[in-house]
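Number of protein chains: 2
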Amino acid sequence: MRREITGFSNPTVKYLRSLRDKKHRKREQRFLAEGLRLLTDARECGHLPQMLVMATGRDPHPLLDALESAVDAAGGEIIETTPDILAKITGKDNPQAVAGVFAEFDTSLAALDRTRSGIWLVAQALRDPGNLGTMLRTGDAVGAGGLILIDDCADPFSVEAVRASMGAIFTQQVAQARWDDFLPWLGEGSGQLVAASLRDAVPYRGAPYTAPCFVLVGNESRGLPEEYELACDLRVTMPMRGRADSLNAAVAGAVLAYEVLDGLERR
Amino acid sequence: MRREITGFSNPTVKYLRSLRDKKHRKREQRFLAEGLRLLTDARECGHLPQMLVMATGRDPHPLLDALESAVDAAGGEIIETTPDILAKITGKDNPQAVAGVFAEFDTSLAALDRTRSGIWLVAQALRDPGNLGTMLRTGDAVGAGGLILIDDCADPFSVEAVRASMGAIFTQQVAQARWDDFLPWLGEGSGQLVAASLRDAVPYRGAPYTAPCFVLVGNESRGLPEEYELACDLRVTMPMRGRADSLNAAVAGAVLAYEVLDGLERR
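Same order as they appear, the protein sequences are chains E and X.
Residue 268 is where the first sequence ends in my numbering, and the numbering goes up by one at each step.
Residue 268 is where the second sequence ends in my numbering, and the numbering goes up by one at each step.
Keep in mind the hints are simulated off the structure, nothing from the lab.
The beta carbon of each residue, even a glycine, is placed where N, CA and C say it ideally should be.
Some hints could be false.
Subject to a maximum C-alpha distance of 30 Å in a straight line, what follows is the list of computed DSS-like cross-link-like pairs (lysine-lysine) [unchecked claim]:
id	chain 1	residue 1	chain 2	residue 2
1	X	Lys23	E	Lys15
2	E	Lys24	X	Lys24
3	E	Lys15	E	Lys27
Quick partial rundown of chain X residues pointing at chain E, CB under 10 Å, derived from the structure [unchecked claim]:
id	residue
4	Val14
5	Asp141
6	Asn249
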């Protein structure tokens, strides 16, 4: 189905804008993603938008044509609208020429396949959607299986997280769980839980990482609760040469994940 | 001098709010920083605010007393105001109980002391103030000398960058320069310029880093211009195991900086 929308007050515009709000996303089980590159990554990973929104006056592009054909063939909806309305939908001043509405994925632990990779990222109470998206992007880069979100984290399907993930929301598996459910799940199979810590820790460089290795980072301001650190199989310490004794959560996770990648590939 | 402000329309409130705007910051050569921990870091690094703004009804704290005494002794201004007005000044819903106005530093290359550290971070056209602040924070953690901002970067004195730096704006030297001025400056002394690249590059792990090592990262969406990469003394490549071939700029800089730190400390 194809149609054109020219008015800001159109109900579809209101619906699309509402997906920037977590409450509406949860009710609809849908999320927004924007940009030709990101939507192409999604398509190539088997995720097609249910609704494709394209700006009038956009430059033609073979990848956009491919996307449009695929959505059309799958029975999805195709909408053309003005760049102004698209900007209002995505909340970005210089919007990309295309956005899509996707069905949210199953984010239960049961849906994860831990044999998929030797590295997994785990974040506890990560509150910043930019950090969350950045961790997804890092996970993609190190070939991680996915990101497990423990306790109250930012919403992985928020526009900001999806944007910061640069498409990795479609390549990484994502799970959401309480700590009390995560630990038993982890114990059901093989898996080494590793955290950066100052407590009874070994240097992160060359530490005995084993696959599948679950790299755990804590909340941006409070770090990990002591009991969570103590539950880890391995605690590692990273050099801190300055005044502060901490790194940005997504940065700490990335430095550690690259070290784990190197350690596992050397075996 | 000490006074109380109770009205939103007070000229000092307007002045303080205006410092969230780059144009006003540049004219006044002043910037805002918030939070007791950050202001304490500043004090311990020899930076006192010219104006200290405290919320009425705040919890007492010995570090806040120390800050207040130091500002008073230095002839600075001390202002008490309501939490609502402080929130309006900092633009944050849950403001810290204290904020300060600082004089901007000299950010010329001439003010840098390259013998200060074996590691320096360099960012080209870094547009996101959160990434910029995160790089400052990483620089502090690896014991870098500072951050050199090439071409049109975000403003290191913006509220967002200062906040993300977690105080590192006061521990790291910061310079702003055009590429055409940076390269000759670099050539005036010793210094190895290193970039992550796919062009004629060696693995980043165990690469021959030498101090002082200048770790260069490029713009968030375009990366480094080819000519900048070619001007580097060393090009290194980082594993990319996923679909995407890139990392968040601040993350890439951090993974590389930790590798450089390890390499230099092994010598």
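What hints, given by number in increasing order, does this structure fail? Going through the list in order, the structure violates hints 1, 2, 4 and respects the others.
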